[in-house]
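Line by line, the protein sequences give chains A and B.
Counting with the working numbering, you get residues 142 to 371 for the letters of the first sequence.
Counting with the working numbering, you get residues 1200 to 1459 for the letters of the second sequence.
Note that these hints are calculated values from the structure, not bench results.
Backbone N, C-alpha and C fix where the C-beta goes; we use that ideal spot for every residue, glycine too.
Warning: the hint list may mix true and false statements.
[Claimed, not checked] FRET-style restraints, in silico, Cβ to Cβ:
| # | chain 1 | residue 1 | chain 2 | residue 2 | range |
| --- | --- | --- | --- | --- | --- |
| 1 | A | V261 | B | L1334 | 28 to 34 angstroms |
| 2 | A | F153 | B | L1410 | 45 to 51 angstroms |
| 3 | A | V309 | B | A1327 | 54 to 60 angstroms |
| 4 | B | V1451 | A | E203 | 57 to 63 angstroms |
| 5 | A | H159 | B | L1251 | 22 to 28 angstroms |
| 6 | A | E203 | B | L1447 | 46 to 52 angstroms |
| 7 | B | A1295 | A | G200 | 47 to 53 angstroms |
| 8 | A | S237 | B | F1430 | 23 to 29 angstroms |
| 9 | B | V1335 | A | L195 | 22 to 28 angstroms |
| 10 | B | K1229 | A | V309 | 36 to 42 angstroms |
[As the list claims (entries may be wrong)] Using 16 angstroms as the maximum straight-line C-alpha spacing, the simulated EDC-like pairs for lysine to aspartate or glutamate come out as follows:
| # | chain 1 | residue 1 | chain 2 | residue 2 |
| --- | --- | --- | --- | --- |
| 11 | A | K312 | A | E143 |
| 12 | A | K306 | A | E338 |
| 13 | B | K1229 | A | E220 |
| 14 | B | K1229 | A | D222 |
| 15 | B | K1341 | A | E229 |
| 16 | B | K1360 | B | E1350 |
| 17 | B | K1453 | A | D222 |
| 18 | B | K1229 | B | E1275 |
| 19 | A | K232 | A | E203 |
| 20 | B | K1454 | A | E229 |
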Amino acid sequence: MEQPLLKVSNLFVELEQHRILEDISFEVGRGETLAVVGPNGAGKTVLFRTLLGLIPYKGKIEWIPGVKIGYVPQRFSIEPDLPLTVAEFLKLKGGSPKEIETEISSVGFGKEILNQQIGVLSSGQQQRVLIAWALVGNPDILLFDEPTSGIDIAAGETIYHFLHKLQVGRKLTILLISHDLQVVFQHATKVICLDREQICFGPPKQALDATTLARLFGVELEHHHCEHHD
Amino acid sequence: MIETSLLFILLVGIFVGGAAGFIGSFMVLKRMALVGDAFTHVALPGMAIALLLHQDPMAGAFIALVIAAIGIWYFEETSRIYPEALVGIFFTTALAIGVLITPEAELLEALFGNIEKITPVEGVLVIALSIVVLLVAYIISKKLMLGVISEELATSIGISKRKIDLIYLLLVATTVTLGIRFVGTLLMGALVIIPAASAKNISGSLGSYYLLSILFGVVSAVAGINLAVLFGVASGPAVVLTSIFLFLTTFVAKKFFRGE
Chain A
142 MEQPLLKVSN LFVELEQHRI LEDISFEVGR GETLAVVGPN GAGKTVLFRT LLGLIPYKGK
202 IEWIPGVKIG YVPQRFSIEP DLPLTVAEFL KLKGGSPKEI ETEISSVGFG KEILNQQIGV
262 LSSGQQQRVL IAWALVGNPD ILLFDEPTSG IDIAAGETIY HFLHKLQVGR KLTILLISHD
322 LQVVFQHATK VICLDREQIC FGPPKQALDA TTLARLFGVE LEHHHCEHHD
Chain B
1200 MIETSLLFIL LVGIFVGGAA GFIGSFMVLK RMALVGDAFT HVALPGMAIA LLLHQDPMAG
1260 AFIALVIAAI GIWYFEETSR IYPEALVGIF FTTALAIGVL ITPEAELLEA LFGNIEKITP
1320 VEGVLVIALS IVVLLVAYII SKKLMLGVIS EELATSIGIS KRKIDLIYLL LVATTVTLGI
1380 RFVGTLLMGA LVIIPAASAK NISGSLGSYY LLSILFGVVS AVAGINLAVL FGVASGPAVV
1440 LTSIFLFLTT FVAKKFFRGE
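Given these sequences and hints, build the entire structure.
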């Protein structure tokens, strides 16, 4: 059996004497998409920050040796007058000019955006530049913290379209925090439900049953497809 | 005192101004301009203690600045007090103590600089150390800038922001020590901050921002020294007023060309 790309066992995180994550265990294989769901304050972003080594923890986090991680944070607040072009931003990660051009076109931009100041781009455009940033260096796994947070629905759908294309085209492993259950059912191969402790883990259709959703969000939720009638 | 020519002083000024401009470019983007300015005042008690002990005041300034740099770095990570509050409390205290214990004859030049005190040996040392500061800052510039933009992004590619921040603060301490002879402890912060703030007014890319910060630092130092010699005034205020003139010019240019 292939070694998982990431294996987390009995993870505990405390911040300022408050327990944020309690006994979390899961694993992700190559090419899988793991969605992390849970209410606000459930510890989803803390989980990502812990996986990146930003927060001390107890338990085990085992990345496959030599793994390359691409990370897209939830917030990317940049001053509009920051003297930094898109090309310079991508170069900070060590990308060659050719690689930068490839990745910027893979997120649907033309070369002309490379000379624009990053601070003047819209939130949706900045999010796509961040995805290009994450792709520089040819990562094995991408961590997305609510990639559509703060951007409009159309731009959000485009971002998920990119994610899906990336996963299929490059056989990337994706870890994704999302509040959108539609996206989780559509794109994730596995889901982990958090509310400080681990509520569920498994394929979305099995893991996200009505009882689990009610426990997570405190109301009866039912996942269904909307039909439009003209 | 060994006499030094104006040309040599200008040469030293070019290197100090360039190093201050480059170091300042990060300080402005890190939004620590005020912290950095107050930080430079710590040099004064260091100089005073060295003078009282009959040691080189520049060595005293450097030691005090290094201790302060490590202090800022440590408290930023471990204290719940905002760094600005820490700076307000400790560094202004340091300035007050420095003014009290600095021998009166040395006080004015410690505060505002005196280029006549630069010996050839000191000048050569200042040039060499300026080159070291520029080189080290260039080497860490990508990591430093990434930490400015997003700590999470920096950490996600294995950059230790803490380590880079400490190296940067030590570079600031070194740069301030190098510039004290020119502009004094009270105004050195201005030579670090104003050229970069001027460059930010008119730069659209990181490359041009770095270059203009260095250029404005050099122009401020060279023009300021010439003005000081020409009008027989202290070099510190002359250098700082030149840099303020550049800032106002770029500020107007920004309003005019970008319509902001």
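Going through the hints against the structure:
| no. | hint | in the structure |
| --- | --- | --- |
| 1 | V261(A) - L1334(B): 28 to 34 angstroms | holds, 33 angstroms |
| 2 | F153(A) - L1410(B): 45 to 51 angstroms | holds, 49 angstroms |
| 3 | V309(A) - A1327(B): 54 to 60 angstroms | holds, 57 angstroms |
| 4 | V1451(B) - E203(A): 57 to 63 angstroms | holds, 58 angstroms |
| 5 | H159(A) - L1251(B): 22 to 28 angstroms | violated, 50 angstroms |
| 6 | E203(A) - L1447(B): 46 to 52 angstroms | violated, 58 angstroms |
| 7 | A1295(B) - G200(A): 47 to 53 angstroms | holds, 50 angstroms |
| 8 | S237(A) - F1430(B): 23 to 29 angstroms | violated, 52 angstroms |
| 9 | V1335(B) - L195(A): 22 to 28 angstroms | holds, 26 angstroms |
| 10 | K1229(B) - V309(A): 36 to 42 angstroms | holds, 40 angstroms |
| 11 | K312(A) - E143(A) | holds, 15 angstroms |
| 12 | K306(A) - E338(A) | violated, 32 angstroms |
| 13 | K1229(B) - E220(A) | holds, 11 angstroms |
| 14 | K1229(B) - D222(A) | holds, 14 angstroms |
| 15 | K1341(B) - E229(A) | holds, 10 angstroms |
| 16 | K1360(B) - E1350(B) | holds, 7 angstroms |
| 17 | K1453(B) - D222(A) | holds, 11 angstroms |
| 18 | K1229(B) - E1275(B) | holds, 13 angstroms |
| 19 | K232(A) - E203(A) | violated, 29 angstroms |
| 20 | K1454(B) - E229(A) | violated, 25 angstroms |
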